[in-house]
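There are 2 protein chains.
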Amino acid sequence: MENFIEQLSKEQLVEVERQMAMYSLGVQEIIPTEELKNKIAKSVLLNNPLKIKLGLDPSAPDVHLGHTVVLNKLRQFQENGHIIQLVIGDFTGKIGDPTGKSAARKQLTDEEVKFNAKTYFEQFGKVLEMEKVELHYNSKWLSNLSFEEVINLAGKITVARLLERDDFEERIALGKPISLHEFFYPLMQGYDSVVLENDIELGGTDQHFNILMGRHFQEKFGNEKQVALLMPLLEGLDGVEKMSKSKKNYIGIDEAPEEMFGKAMSIPDELMKKYFELATDLPPEEIKIIIKELFSGELHPRDAKMLLGTTIVRMFHGEEAAEKAKQQFIAVFQQGSIPDDIPIVEWQGEKQVPIVELLTILGLQSSKSEARRMIQNGGIKINEEKVLDIQLVVSMTDNLIVQVGKRKFVKIRLN
Amino acid sequence: MENFIEQLSKEQLVEVERQMAMYSLGVQEIIPTEELKNKIAKSVLLNNPLKIKLGLDPSAPDVHLGHTVVLNKLRQFQENGHIIQLVIGDFTGKIGDPTGKSAARKQLTDEEVKFNAKTYFEQFGKVLEMEKVELHYNSKWLSNLSFEEVINLAGKITVARLLERDDFEERIALGKPISLHEFFYPLMQGYDSVVLENDIELGGTDQHFNILMGRHFQEKFGNEKQVALLMPLLEGLDGVEKMSKSKKNYIGIDEAPEEMFGKAMSIPDELMKKYFELATDLPPEEIKIIIKELFSGELHPRDAKMLLGTTIVRMFHGEEAAEKAKQQFIAVFQQGSIPDDIPIVEWQGEKQVPIVELLTILGLQSSKSEARRMIQNGGIKINEEKVLDIQLVVSMTDNLIVQVGKRKFVKIRLN
Numbered sequence: 001m002e003n004f005i006e007q008l009s010k011e012q013l014v015e016v017e018r019q020m021a022m023y024s025l026g027v028q029e030i031i032p033t034e035e036l037k038n039k040i041a042k043s044v045l046l047n048n049p050l051k052i053k054l055g056l057d058p059s060a061p062d063v064h065l066g067h068t069v070v071l072n073k074l075r076q077f078q079e080n081g082h083i084i085q086l087v088i089g090d091f092t093g094k095i096g097d098p099t100g101k102s103a104a105r106k107q108l109t110d111e112e113v114k115f116n117a118k119t120y121f122e123q124f125g126k127v128l129e130m131e132k133v134e135l136h137y138n139s140k141w142l143s144n145l146s147f148e149e150v151i152n153l154a155g156k157i158t159v160a161r162l163l164e165r166d167d168f169e170e171r172i173a174l175g176k177p178i179s180l181h182e183f184f185y186p187l188m189q190g191y192d193s194v195v196l197e198n199d200i201e202l203g204g205t206d207q208h209f210n211i212l213m214g215r216h217f218q219e220k221f222g223n224e225k226q227v228a229l230l231m232p233l234l235e236g237l238d239g240v241e242k243m244s245k246s247k248k249n250y251i252g253i254d255e256a257p258e259e260m261f262g263k264a265m266s267i268p269d270e271l272m273k274k275y276f277e278l279a280t281d282l283p284p285e286e287i288k289i290i291i292k293e294l295f296s297g298e299l300h301p302r303d304a305k306m307l308l309g310t311t312i313v314r315m316f317h318g319e320e321a322a323e324k325a326k327q328q329f330i331a332v333f334q335q336g337s338i339p340d341d342i343p344i345v346e347w348q349g350e351k352q353v354p355i356v357e358l359l360t361i362l363g364l365q366s367s368k369s370e371a372r373r374m375i376q377n378g379g380i381k382i383n384e385e386k387v388l389d390i391q392l393v394v395s396m397t398d399n400l401i402v403q404v405g406k407r408k409f410v411k412i413r414l415n
Numbered sequence: 001m002e003n004f005i006e007q008l009s010k011e012q013l014v015e016v017e018r019q020m021a022m023y024s025l026g027v028q029e030i031i032p033t034e035e036l037k038n039k040i041a042k043s044v045l046l047n048n049p050l051k052i053k054l055g056l057d058p059s060a061p062d063v064h065l066g067h068t069v070v071l072n073k074l075r076q077f078q079e080n081g082h083i084i085q086l087v088i089g090d091f092t093g094k095i096g097d098p099t100g101k102s103a104a105r106k107q108l109t110d111e112e113v114k115f116n117a118k119t120y121f122e123q124f125g126k127v128l129e130m131e132k133v134e135l136h137y138n139s140k141w142l143s144n145l146s147f148e149e150v151i152n153l154a155g156k157i158t159v160a161r162l163l164e165r166d167d168f169e170e171r172i173a174l175g176k177p178i179s180l181h182e183f184f185y186p187l188m189q190g191y192d193s194v195v196l197e198n199d200i201e202l203g204g205t206d207q208h209f210n211i212l213m214g215r216h217f218q219e220k221f222g223n224e225k226q227v228a229l230l231m232p233l234l235e236g237l238d239g240v241e242k243m244s245k246s247k248k249n250y251i252g253i254d255e256a257p258e259e260m261f262g263k264a265m266s267i268p269d270e271l272m273k274k275y276f277e278l279a280t281d282l283p284p285e286e287i288k289i290i291i292k293e294l295f296s297g298e299l300h301p302r303d304a305k306m307l308l309g310t311t312i313v314r315m316f317h318g319e320e321a322a323e324k325a326k327q328q329f330i331a332v333f334q335q336g337s338i339p340d341d342i343p344i345v346e347w348q349g350e351k352q353v354p355i356v357e358l359l360t361i362l363g364l365q366s367s368k369s370e371a372r373r374m375i376q377n378g379g380i381k382i383n384e385e386k387v388l389d390i391q392l393v394v395s396m397t398d399n400l401i402v403q404v405g406k407r408k409f410v411k412i413r414l415n
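One line per chain: the protein sequences are A and B, in this order.
For the first sequence, the UniProt record's numbering gives the first residue as 1, with consecutive numbering after it.
For the second sequence, the UniProt record's numbering gives the first residue as 1, with consecutive numbering after it.
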């Protein structure tokens, strides 16, 4: 590729540097940085927008905060006039898993794909200006590939290169089978880039291999190579695993304000910095101050987390809803009934327990007759609901909260 | 598969055993033997012919004796009423090598494929009854496979299984690249069997892996599995390498009778047994006697080879031509000018040597003047051609024969 940087005027160079600084923020890896800069230079010089690709799984249209890490980055490109290309990987969705083994790869109908895409679109609209976004379905080109064209595509990559992918390498090492068709998923993603002629492909670091396939195939087909822009993965509420729907550790961007706020409050303190940086739209300078004050002790972790929760709710539901969610949280969880340091009981007993028995076993009441009286007086709550039936059989679940009067609580933990 | 053997009458069992004995003759490997027997039993019981598949490379239509090993086996099946399915692998031929690296995989036009198939047909007619043979072009089904169907096919095989193929294993070990498209050649051959629903596939032992692919995919597609019938590879005239056109160590079945006979006479003695067994149509009992007498010394190796040569020529040109070729060979090489135990001279000198000098250096004439006289009297021959020019400069080549009078010979060997 021609060197466009050396052709820039001083003002143009300033603009290129400004964009580079913006896109680099929070990024895990740019492959390679110089090419990104040169592409931006070309775009500034020729006044041509860049094409930025993001591939989407058509089977899981529930967008959560983990997705917004990439969406926020896309928004930056969009703000500078570049073109966002969303690619729905519907070809894979439509063919399903040929071995029938993977429940995750269930076969989707045309209607399901269209419905899921629509769902994406509605949700993405909270971050991106959707009327400026290009939407592509990769079945449009992939389903028409002939066997000959597939062979031709396969002829442009070696088996050794494909086996370098982490999960393949691992499975080979463990002697676990890899079906040959699995080699085609990275090929398809790469070929999408050949067709779309995009300049940049965005994704999480787990897309490292697949996005480099785009570079590989664009080059093999004689195109300009895309730059890979890899974003860190956001851990979920558990603070350990990548946020995902299947792990149930996610904050969906369509969730109700109170739910969203409550979930944000539940993340481990150590993750706050990452959430502020990757999952909010606060200006970088403001984030820096928050983190500094948090570390120096000027800002209490609870207050910082409140700010995080408010910001996240505000992004998807607006200022008013955010404030309301915050107030409600304070009402219920701080001033309200359940403090957040209540004793936890590891429950090893039966799964179905009569309420009277439960109260005595947990030591919340000294006798069954006392327990019965307390129920009749309306002094017992299970999960904040008053128990009125002394015959009630309680189904023991994880995080069940048993409350006696105003101040006595026990939280159940199941193993 | 149902057990058909136990359903046979006594006479039917005799017939099955007869066919089994015939098909097993000279075979390297049957995978598995019991299935072959059961398939024959089914065919005898239901009076249904079996389908026997042979795949053909569309790029090399010159049939040589090496091919006839398999053709002779096919003829046995045909004689028992089974159906021969010849599959021209024209799909691969038409797409060529997508990497452009392999000269062997040059792209063929429709016309070339048709022409080559016709050539096969004409030549195979010398061994098989062609009007009873089914001819298939695999492009008919392969070129119409969609990407989805290719993925489905690829989903039925693991990468590890493909990497077991000897040449892949070797290249992985040597760090030599394997292009992904190469994985598809065995898949195609396997899929051909799915489409053709053949009972047996024949091939040389070098087709072991590919033919087992047919079994694999037929099973994966829910069909009855084909039996692999692998024939030994016939070494060429050099006695070392597999007979092949590129190695120039072959006897083409379209060659002239004399050429054929001469080439047959040139094979190493140790190979005679294999040639008799694999490349002639002599009855097994007769071959056994020949080999026994050859080993005991009752039959002179030269006579055995004459018999081999006559038989081979007779198979492709008829009795009369065979006898004529034999007589001509005897006239030229035995009674004729050049005995086969003439002295050999390792030539280290110039490559261009005046004839007069050559005769003295070789010690065939005691002086140059004597040599000149001998030439003028017509007593000198080079490679059986009379030398008339005393100024002749001889180009020294390997196997050049210099003859003086009727009985003095020297054969030149170059290093």
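Calculated from the structure, these hints are not laboratory results.
Among these hints, one or two may not hold up.
If several chains are the same, the list does not tell them apart, and a pair holds so long as it fits within one copy or across any two.
The calculated lysine to aspartate or glutamate pairs, modelled on EDC-like cross-linking and capped at a C-alpha distance of 16 Å, are [claimed, not checked]:
(1) 94 - 149
(2) 305 - 2
(3) 386 - 298
(4) 326 - 164
(5) 106 - 148
(6) 381 - 167
(7) 305 - 270
(8) 132 - 34
(9) 10 - 112
(10) 94 - 258
(11) 247 - 389
(12) 263 - 224
Do the hints match the structure? See the list:
1. When the C-alpha separation of residue 94 and residue 149 is checked against a cutoff of 16 Å, the pair qualifies only between copies, where the shortest distance is 12 Å, while the shortest distance within a copy is 20 Å.
2. In the homo-oligomer, the alpha carbons of residue 305 and residue 2 never lie at most 16 Å apart, since the shortest distance is 47 Å inside one protomer and 70 Å across protomers.
3. With identical chains, the CA atoms of residue 386 and residue 298 are never at most 16 Å apart, being 40 Å at best within one copy and 112 Å at best between copies.
4. Taking identical chains as interchangeable, the C-alpha atoms of residue 326 and residue 164 are never at most 16 Å apart, the minima being 47 Å within one chain and 62 Å between chains.
5. With identical chains, the CA atoms of residue 106 and residue 148 are at most 16 Å apart between copies only, with a shortest distance of 15 Å across copies and 27 Å within one.
6. Taking the shortest Cα distances, residue 381 and residue 167 never come within 16 Å of each other, neither inside one copy (48 Å) nor across copies (72 Å).
7. For the homomeric pair residue 305 and residue 270, the shortest alpha-carbon distance inside one copy (11 Å) is at most 16 Å, but the shortest distance between copies (89 Å) is not.
8. Neither within a single protomer nor between protomers do residue 132 and residue 34 lie at most 16 Å apart by alpha-carbon distance, with minima of 27 Å and 67 Å respectively.
9. For the homomeric pair residue 10 and residue 112, neither the shortest alpha-carbon distance inside one copy (51 Å) nor that between copies (62 Å) is at most 16 Å.
10. Neither within a single protomer nor between protomers do residue 94 and residue 258 lie at most 16 Å apart by alpha-carbon distance, with minima of 36 Å and 64 Å respectively.
11. For a Cα distance limit of 16 Å, the shortest separation of residue 247 from residue 389 qualifies neither inside one copy, at 36 Å, nor across copies, at 95 Å.
12. For a Cα distance limit of 16 Å, the shortest separation of residue 263 from residue 224 qualifies neither inside one copy, at 43 Å, nor across copies, at 57 Å.
Violated hints, listed in ascending order, are 2, 3, 4, 6, 8, 9, 10, 11 and 12; each of the other numbered hints is respected by the structure.
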